[in-house]
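> Top to bottom, those sequences are chains U, H and P.
Numbering that gives the first Met the number 0 puts the last residue of the first sequence at 475; the count rises by one with no breaks.
Numbering that gives the first Met the number 0 puts the last residue of the second sequence at 489; the count rises by one with no breaks.
Numbering that gives the first Met the number 0 puts the last residue of the third sequence at 88; the count rises by one with no breaks.
Worth flagging that the hints you see were computed from the coordinates, not collected in a lab.
One thing to keep in mind: the hints can contain errors.
What the hints assert, rightly or not - Here are a few chain P residues that face chain U, going by a calculated C-beta distance under 8 Å:
(1) 19
(2) 27
(3) 31
(4) 56
(5) 67
(6) 70
What the hints assert, rightly or not - Here are a few chain U residues that face chain H, going by a calculated C-beta distance under 7 Å:
(7) 97
(8) 277
(9) 278
(10) 471
What the hints assert, rightly or not - Covered stretches of chain P (chain U as the covering partner; in silico rule of three or more C-beta atoms under 8 Å from a C-beta of chain U):
(11) 33-42
(12) 71-85
Computed from a prediction, not measured in an experiment: that's the story for all the values here.
The beta carbon of each residue, even a glycine, is placed where N, CA and C say it ideally should be.
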Amino acid sequence: MSYSDWEVVIGLEIHAQLKTDSKMFSEDSTQFGGGDNKNTSPVSFGLPGALPVTNEKAVEMSVKTGLALNCSIREKSVFARKNYFYPDLPKGYQISQYDEPICEEGYIDILLDGEKKRIGIERAHMEEDAGKSTHHGEYTLINLNRAGVPLLEIVSKPDMRSAKEAAQYARSVRSILRYIDICDGNLEEGSMRCDCNISVRKPGEPLGTKVELKNINSFRFVEKAIEYEAQRQVDLKEAGEEIHQETRLYDSTKNQTFSMRKKENAHDYRYFPDPDLLPVIVEQSWIENIKNNLPELPLKKAERFQQEYGLPEYDAFVLTTEREMAEYFETTAKACGNAKSASNWIMVELLRRLNDADQSIEDSPIKADMLAKLIQLIDNKTISGKIAKTVFQDMYDSGKDPEAIVKEKGLTQITDTSAIEKMIDEIIAANPGQVEQYKSGKNKLFGFFVGQVMKASKGQANPEMVNQILKSKLDS
Amino acid sequence: MSDILKSSISELKEKLDSKQVKPSELAEAYLGQINKLNSDINAYISVNESLMDEAKALDSKQEKGELSGKLAGIPLGIKDLLCVKGQRNTAGSKILENFVAPYTSTVSQKLLDEGALVLGKCNLDEFAMGSSNETSYYGKVKNPWNYEYVPGGSSGGSAAAVAAGMAAATIGTDTGGSVRQPASFCGIVGVKPTYGRVSRYGIVAFASSLDQAGPMTRTVKDAALMSEVISGHDPYDQTTAQEAVPEWSKSLKQDLKGLKIGLPKEYFTDAITEDTKKVVDNAIEIVKKRGAEVIEVSLPLVKHAVPVYYLVATSEASSNLSRYDGVRYGYRSDFSKKPAESLEEFYSRTRGEGFGSEVKRRIILGTYCLSSGYYDAYYKKACQVRRLIRDEFMQAFNSCDVMLSPVTTSPAFKAGERINDPVQMYSNDIFTTSTNLAGLPGMSVPGGFSQEGLPIGIQLTAAHFQEQKMFDVAYSIEQELQLKEVPNVL
Amino acid sequence: MDIDNVAKLARLTLSEEESKAFTEQFDSILNYFEQIKNVDTANVEPMVTPTDIALYLRKDEAKEWEGSTQVLEAAPETSGQLFTVPPVV
């Protein structure tokens, strides 16, 4: 999209639901699937006299995330109450962090069209989720199962300049969150939520009025929503109109953003430190320990794959999007010693089938060591690449070992020169007409002869040898 | 039977242990007194309907010699802020008129675990906001010593119940003096432990950084015993301390040799009435007689205690009371005939109708103090001065062990006398609020009477977690005075 | 203080008497609060919890509470197991 000479300035606020067993401030389960209002307790109901108590694991996961996002971790961070009234907010305030958030001043590098760009992260802070309100006719229905689930709100700096960059940033953050196993990162289900702040300006001028976009539940929509909104703002500015600071919702069916129905006055949240909670103190040694135990993160892993395995950038990138996928690749590559082949088989054959069956790499019926075996069978010429494809399908359907399949079905490649010669001689003898035509210049008939040999050998003749011997016999 | 009603917990325990009286007889006696007096005094909002069943169950235990627990068979009143599962919990408000607690507060559970019986829920100023128990939706409470006078507040019902023999002891809560002041007005012992000693889980919150539940009893030993029972770290309340709880009641001393008692000069002003001065002076003589050294200390910042207290308390309260919105429990306005035209109206009508005026006044004040543009000048500033007040106390406790002072400037005042002037009403708390601000333990012990026969208490304050010293001084005063007077209704 | 505005923020309707009484009283109450401005608090860290209390963090273990049904049964209005808020015109 082009915005004439306007610069689009984008910042993203990502809310990640932390994968804890219990809620941020109470013992209620965070497990999906309980009955309505079943994952509850006096605390999440906001009953008179209920009090919050901080979940240790949520703190740990927040620190882990901050470190993975290159943030500095505050040794003392404070919970604050954000006061407002809404039916799905049981206490009439949300416990969040305001002045003293646990993580600050971080960054991640994203890769877009071969270029690396650094996106700053302003802060990441802990807070609790609200319940869910749905509308049934004119009534509003409230379910508090989600109320109190731990969230980490990750606020980027307004460093993005295009919808693509923003979507890529969101994907990269998701990838990192899944790598360190603190969040599912599922935009559709809501375990990760993405709000966008967009403004436009002429380059060099101060920031324009920002508009907040909500209700974006896929990465594709992140891009589309931003594109729409940026254009809307540019159009308004070009017409000499002002942008109103507001929250707009994205409608994916119409691909538009629209103003929220109710008039949103600027909220006065009256933040103050929550007197029911003590400041969270994290010891330096604890932080160090978490840091030392961080897994290799996606971008680093992709760079290493390029260096260590000679993979092209794109392949390295695809293979490292998910940690399990990267591990699968590496196990395979190490076992068979042929990284390029491993990468191809995974990206072309395996991924297609998994995507069609809506499965993840962990569900793959072909385990990494089995795939490695298959590749070895090709590399040591036991089977041809073409035969390997049928073996692969068989492995996928049955989960069987490739060697067993080759043996059972007698698929071993024929590499015995004399056997191939014999076959070729037979075919040449049986097709004198085509031989004549070929010798008089119809080179395309070569393929016919190859086909005949493959047919006679049930596909098991080594193709290179066939080509070589056939050519030498026909051309002589 | 009236002997029973004048007995301390220690005395009752003896009678129960020696089988001189049955738990059901005890429960019946107090129930009888409640039936006799509650329509006048109005100390109870609700009475436990299962009381006699529970008491009879203890009878069989007593027969088998299996009555165990520090408070086994002792009938107690609980301020209607502390949740007891299955009992109403109104907070003295219309907005919780129909609320029955589905869980039990930690304090109540600790009492029940020691075998206590719950007589009922005691009346209070609405949401603990008041110093005279005149703001309850369930009617005023009268001072058992003289019905024209207030019992004090906010734990007015809890105090009156003990004074009138309507409970062996009760639990109140103290945010700015709400246990100590009514204890003083009603001639009984009232304790506010160190902030963090007692769990607030299950207690309707007024001001989270100030509230502490505490016992209201006939004797100092009873108060020490009940304090032991209710204190201790609670994993459901992050603001509870992990300090060990000493057996205060077992170590009470009457000999105060070696103890230094500080008299904060800012508490001994002209505002104090003659009678109060006499009673306090007498107490000072007693502690000297018992061997304590008495010195003067100075706490210049306490003059700011009341405004700081009200700034902090109303701010926290304005947020704590947001949950009362008619969505999940409690009162909801009737929208069937006139629907709300906005979500805002849905909330405002329910809360506007459900809360009394004093509560609304404080919520508005607190909301204002936290609001954008005023936060720094009011709430934040108050928190800074609060730290200075606490530090000043801690400094003063370097030169003394316990501070002695009046609880209030005067004995109980007449009902209706101060309710219309908030500033005057708030000034009642002048000697008690700084204790809460600093998180210190404090208590009131009966010191004598005014010329009109109204009780006057002595306030004792100790350093953080030093309740023993405070109990010792109170014990000496009590043992020396041997006050035997009881209200006529007892 | 703009009482109406603050009452709105706090979601409270006030009766006429209340509104009148509060308007009169708040001036004197706020004046009373003003005195703390004179205290020198330069470099003083605001204090929330008045006692030194060691931080206690809860272990991440889920526990079921059996009281949920009771709460729903006693709620002002429910639809199945969900709280309901009536239609806003």
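> Which numbered hints are broken by the structure, listed smallest first?
Violated hints: 1, 2, 3, 7, 9, 10, 11; rest satisfied.
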